[in-house]
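There are 2 protein chains.
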Amino acid sequence: MKKILNRSGDIVTQSIQGFLAAYDKYFEAVPETNCIVYKNRRKGKVSLVIGGGSGHEPLFSGFVGKGLADASANGNIFASPNPQVITETAKAVDEGKGVLFIYGNYEGDNLNFDMAEEMCGFEDIKTAHVRVWDDCASAPKERIEDRRGIAGDIYVIKVAGAACDAGLSLEEVLRVTEKARDNINTIGLATSPGSIPGLNKPTFELGEDEIEFGMGMHGEPGIERTTMKPVDELVDRMYDELKREMSLNSDDEVAVLVNGLGSTTLVELNTVYYELDKHLKSEGIKVHDAEIKSWCTCQEMGGFSITILRLDEELKKYYDASCCSPYYAREALI
Amino acid sequence: MKKILNRSGDIVTQSIQGFLAAYDKYFEAVPETNCIVYKNRRKGKVSLVIGGGSGHEPLFSGFVGKGLADASANGNIFASPNPQVITETAKAVDEGKGVLFIYGNYEGDNLNFDMAEEMCGFEDIKTAHVRVWDDCASAPKERIEDRRGIAGDIYVIKVAGAACDAGLSLEEVLRVTEKARDNINTIGLATSPGSIPGLNKPTFELGEDEIEFGMGMHGEPGIERTTMKPVDELVDRMYDELKREMSLNSDDEVAVLVNGLGSTTLVELNTVYYELDKHLKSEGIKVHDAEIKSWCTCQEMGGFSITILRLDEELKKYYDASCCSPYYAREALI
Chain H
1 MKKILNRSGD IVTQSIQGFL AAYDKYFEAV PETNCIVYKN RRKGKVSLVI
51 GGGSGHEPLF SGFVGKGLAD ASANGNIFAS PNPQVITETA KAVDEGKGVL
101 FIYGNYEGDN LNFDMAEEMC GFEDIKTAHV RVWDDCASAP KERIEDRRGI
151 AGDIYVIKVA GAACDAGLSL EEVLRVTEKA RDNINTIGLA TSPGSIPGLN
201 KPTFELGEDE IEFGMGMHGE PGIERTTMKP VDELVDRMYD ELKREMSLNS
251 DDEVAVLVNG LGSTTLVELN TVYYELDKHL KSEGIKVHDA EIKSWCTCQE
301 MGGFSITILR LDEELKKYYD ASCCSPYYAR EALI
Chain D
1 MKKILNRSGD IVTQSIQGFL AAYDKYFEAV PETNCIVYKN RRKGKVSLVI
51 GGGSGHEPLF SGFVGKGLAD ASANGNIFAS PNPQVITETA KAVDEGKGVL
101 FIYGNYEGDN LNFDMAEEMC GFEDIKTAHV RVWDDCASAP KERIEDRRGI
151 AGDIYVIKVA GAACDAGLSL EEVLRVTEKA RDNINTIGLA TSPGSIPGLN
201 KPTFELGEDE IEFGMGMHGE PGIERTTMKP VDELVDRMYD ELKREMSLNS
251 DDEVAVLVNG LGSTTLVELN TVYYELDKHL KSEGIKVHDA EIKSWCTCQE
301 MGGFSITILR LDEELKKYYD ASCCSPYYAR EALI
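Residue numbers (the UniProt record's numbering), protein chains in the order written: chain H, 1 to 334; chain D, 1 to 334.
Hint data in this document are derived by calculation from the structure and do not stem from the laboratory. Among the hints, erroneous ones may be present.
Stated by the list, open to error - Listed below are the simulated DSSO-like cross-link pairs for lysine-lysine, each with C-alpha atoms no more than 30 Å apart in a straight line:
id : chain 1 : residue 1 : chain 2 : residue 2
1  : D       : K243      : D       : K316
2  : D       : K2        : H       : K201
3  : H       : K243      : D       : K2
4  : D       : K25       : H       : K278
5  : D       : K229      : D       : K281
To be verified - Computed Cβ-Cβ distance ranges for the label pairs, DEER-style:
id : chain 1 : residue 1 : chain 2 : residue 2 : range
6  : H       : N249      : D       : E245      : 57 to 63 Å
7  : H       : M228      : D       : E283      : 48 to 54 Å
8  : D       : K316      : H       : L111      : 44 to 50 Å
9  : D       : G121      : H       : I223      : 56 to 62 Å
10 : D       : G121      : H       : D209      : 48 to 54 Å
11 : H       : N249      : D       : K317      : 48 to 54 Å
12 : H       : D209      : D       : E172      : 55 to 61 Å
13 : D       : E253      : H       : M115      : 33 to 39 Å
14 : H       : R244      : D       : G121      : 55 to 61 Å
Please read these numbers as outputs of a predicted model, since none were measured by experiment. C-beta atoms are modelled at their ideal positions from N, C-alpha and C, and glycine is treated no differently.
Just need the whole structure built from these sequences, with the hints factored in.
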């Protein structure tokens, strides 16, 4: 494993500094942290702060920008940001209308963002939070609050950003964002591990011909370890899980994300969509929009996930609002 | 090597069909080919057609869109499109104002695009071409026409697209595009091979601790094979090559692209920019714009390249024009 890194110095700090140097027209640091702020952030509205462990780029910093988050609170590699830097980040963007936090549902993040909300309270900053738990392979539906947040984070952030832009109150932004969170599900599949930057250690072990359905971004257990299969069989299985989970039917209109986990190529991800499209068409599900991106990664991990967001008219309006960051631009191409 | 592909069927066709299914609002196929056309392509202006071998995604199809190319002619994996499909693609977008072809300077592409231009001539379609040869490690300056085209393709396409949009004549679009091509250089570095989809074969061999400066996308020889080094030393060496090649100095204003070759993560690519930024700043070079992307890849190849485009007022105007495709959006975030 050859990682292109320095011999010394903090890996996350150098990476964030590089990102800020390249995109300095758009972003600046929250002083003395690895957190970033969009220079042209919202004024006079509810602010949106996202965050979590580093190592999953472009998530989270790549989703700060126009129509998206005002700031991201970035932790160390695979580790939650601490309550102090989350609070500093919220203070840097608060406009007196309240701050919504969106993050993946992980124990460390839950603890630290909860403490940050307490600290914000001492500073008279109104807060609320949405924990994304889209990974339907990570726990049964009855224990939905044990599920992990993965690629579904991104569409939840997208919808929340548009709701903030629309000038809604914190309570209303929270309602809309929870609606997005409650209508999104993801299932992933791992073919090979990523490595932990700086440690040169794989994040998990998988045999030469093994794959695991539902494996988490950091190697958390999935729902089935099996042998490698052709993509049509992989997508069949994954679509069935999502269909059952979401009771998908021909009345549904959805936004879809095929997300690469790191080293899986676009030739492969496009082929995943080629197979997925057959299911969606044959079931009569209306695809309002689709993306094929490597947005929520775990270093050079191999594999992909499929995310489906069920839309109603309200969610569609916010999903369709334009947005722009170095990694996510949504405007009418036509 | 576990590639997420089908047991049978054409790999490129399935991949392109998947891309078209996901982005069907924007693109359609040139009938009976793997070539794609932007549905809202230019009207009454010079048309821009790009192309080359598949396997380097998002290049080329990812750079078809608003302000970019009208169409891409896509070959098989690592193989040039044939003259017939190039001609069909040109016919699908020609508006009687002429078609400019942009492609990387490879023997197969040169031959096939030349034949396509002849065939277009029989159909009374006026054509011109620009071969991109930005890879300064692939041949000495005196034999510039032996150099390969790599990530520099993208900014050349960007400038050309804006020149087409501006309503310039074919001769003028050609002049501007050649100016971009003549002011762009790239140097790459390989840390590990990609694999050939369908063959499960690495594209080249590199030892456990070996890297190669200047190695081509398909494993073509570079300028030095050496042991792995920390990123500051890698970037030092690469910046020196570009500086000498381009005689970079403090009068220069540039656009920069740090491009990942496939599996190299954003933590690493951001760190490359962190080091590169020190050189650019200490030399007083004005960075007009920068991107950190994996735009020109070779499957899961490891490594990166650095591209520098020297700008004058004319090139800057075209570089700055807005553009939008699923992979390249340029609009003022601010």
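message = Could you work out which of the previously given hints the structure breaks and list their numbers from low to high?
response = Number 13 - this is the single hint that the structure violates.
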